[in-house]
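Peer 1: In case you want the letters, here they are:
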Amino acid sequence: EDQVTQSPEALRLQEGESSSLNCSYTVSGLRGLFWYRQDPGKGPEFLFTLYSAGEEKEKERLKATLTKKESFLHITAPKPEDSATYLCAVQAGTSYGKLTFGQGTILTVHP
Amino acid sequence: KAGVTQTPRYLIKTRGQQVTLSCSPISGHRSVSWYQQTPGQGLQFLFEYFSETQRNKGNFPGRFSGRQFSNSRSEMNVSTLELGDSALYLCASDGQSGETQYFGPGTRLLVL
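The listed protein sequences correspond, in order, to chains A and B. To convert, note that position 105 of the first sequence is 105 in this note's numbering; the numbers rise steadily by one, no gaps. To convert, note that position 87 of the second sequence is 87 in this note's numbering; the numbers rise steadily by one, no gaps.
These are calculated hints, taken from the structure and not from any lab test. Here a beta-carbon is modelled for each residue, glycine too, at the ideal position from N, C-alpha and C. Honestly, I wouldn't trust all of these hints.
[To be verified] Have a look at the derived ranges for each label pair, beta carbon to beta carbon:
hint : chain 1 : residue 1 : chain 2 : residue 2 : range
1    : A       : E81       : B       : R9        : 19 to 25 Å
2    : A       : D39       : B       : P61       : 28 to 34 Å
3    : A       : P111      : B       : R63       : 26 to 32 Å
4    : A       : K59       : B       : T5        : 23 to 29 Å
5    : A       : D39       : B       : N77       : 24 to 30 Å
6    : B       : S22       : A       : G41       : 40 to 46 Å
7    : A       : E15       : B       : G16       : 35 to 41 Å
[Claimed, not checked] DSSO-like, lysine-lysine: derived pairs with alpha carbons at most 27 Å apart:
hint : chain 1 : residue 1 : chain 2 : residue 2
8    : A       : K57       : A       : K68
9    : A       : K63       : B       : K1
10   : A       : K57       : A       : K79
11   : A       : K42       : B       : K13
12   : A       : K68       : A       : K42
13   : A       : K79       : A       : K59
14   : A       : K57       : B       : K1
15   : A       : K57       : A       : K42
16   : A       : K79       : A       : K68
17   : A       : K69       : B       : K1
18   : A       : K59       : A       : K42
19   : A       : K79       : A       : K63
20   : A       : K59       : B       : K13
21   : B       : K57       : A       : K42
22   : A       : K42       : A       : K79
23   : A       : K69       : A       : K57
24   : B       : K57       : B       : K13
25   : A       : K42       : B       : K1
[To be verified] To be clear about the criterion: a stretch of chain B counts as covered by chain A if any three or more of its residues have a C-beta under 8 Å from a C-beta of chain A, and this derived list gives those stretches:
hint : region
26   : 33 to 45
27   : 68 to 81
28   : 104 to 110
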């Protein structure tokens, strides 16, 4: 069974204090690993898709990396508007349309 | 390009009733997936439709069902509602399996 574990559950940072979120996964034939951001009461907002180990993608203050067992979301010099729940999900090669999600990391950035 | 839309956005029902939720995917997307999100269980996969066919199903009871129309719009139905069905129901669309899924704003269902 596909499994995704995110850590930490919650993270409090000061504005400008860089850090990383972790996503560990086990999946039968990784088709893709996805990072989303979710604000309270809203649907998840797409951030990155990673397909193979060694791949990296960047967007503004965020950088996602992928190994064979885990993915990291690095946040550089965060701002209060980066506060949200960050979700990691995997899709197995044989599983149509099914994303398996982790429980998420709640990030709070204080000014 | 317009995003994924879901209607209604909020719904209040009582136990035993049934409910139908609607999802319109991004134009050109043929795959629609449905998820249930609760504080305790997180995001859980319900089912996926592609070209009007259910290709995958999660571990939910038969009270949860869905369908997809020829224009790719999808509906999900929950019959005989239980208190535990209170959740945010999300749909997502993508062009084909393995591509990025884009989510709608969700339908917040409260069962009293």
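Peer 1: All the hints need checking, so say for each whether the structure fits it.
Peer 2: Hints and how they fare:
1. A:E81 with B:R9: 19 to 25 Å: Between A:E81 and B:R9, where Cβ atoms are some 24 Å apart, the hint holds.
2. A:D39 with B:P61: 28 to 34 Å: For B:P61 against A:D39, whose Cβ atoms are near 30 Å apart, the range 28 to 34 Å holds.
3. A:P111 with B:R63: 26 to 32 Å: With a Cβ separation near 46 Å, A:P111 and B:R63 fall outside 26 to 32 Å, so the hint is violated.
4. A:K59 with B:T5: 23 to 29 Å: holds, 25 Å
5. A:D39 with B:N77: 24 to 30 Å: Given range 24 to 30 Å: holds, Cβ gap about 28 Å.
6. B:S22 with A:G41: 40 to 46 Å: Violated, at about 19 Å.
7. A:E15 with B:G16: 35 to 41 Å: violated, 50 Å
8. A:K57 with A:K68: Holds, at roughly 16 Å.
9. A:K63 with B:K1: OK: A:K63 and B:K1 at ~26 Å, within 27 Å.
10. A:K57 with A:K79: With Cα atoms ~20 Å apart, A:K57 and A:K79 stay inside 27 Å; holds.
11. A:K42 with B:K13: holds, 21 Å
12. A:K68 with A:K42: Roughly 31 Å between the alpha carbons, so the hint for A:K68 and A:K42 is violated.
13. A:K79 with A:K59: Given that 27 Å is the threshold and the Cα spacing comes to 14 Å, the pair holds.
14. A:K57 with B:K1: Satisfied, since the Cα-Cα distance of roughly 23 Å is no more than 27 Å.
15. A:K57 with A:K42: holds, 24 Å
16. A:K79 with A:K68: violated, 30 Å
17. A:K69 with B:K1: violated, 35 Å
18. A:K59 with A:K42: holds, 21 Å
19. A:K79 with A:K63: holds, 15 Å
20. A:K59 with B:K13: Given pair A:K59, B:K13 is violated - Cα atoms ~41 Å apart, limit 27 Å.
21. B:K57 with A:K42: This hinted pair holds, its Cα atoms lying about 24 Å apart.
22. A:K42 with A:K79: holds, 20 Å
23. A:K69 with A:K57: Since the Cα atoms of A:K69 and A:K57 sit roughly 17 Å apart, the hinted pair holds (cutoff 27 Å).
24. B:K57 with B:K13: holds, 25 Å
25. A:K42 with B:K1: At roughly 19 Å apart (the allowed maximum being 27 Å), B:K1 and A:K42 satisfy the hint.
26. 33 to 45: Holds: 6 residues of the region 33 to 45 of chain B have a Cβ under 8 Å from chain A.
27. 68 to 81: violated (count 0)
28. 104 to 110: holds (count 4)
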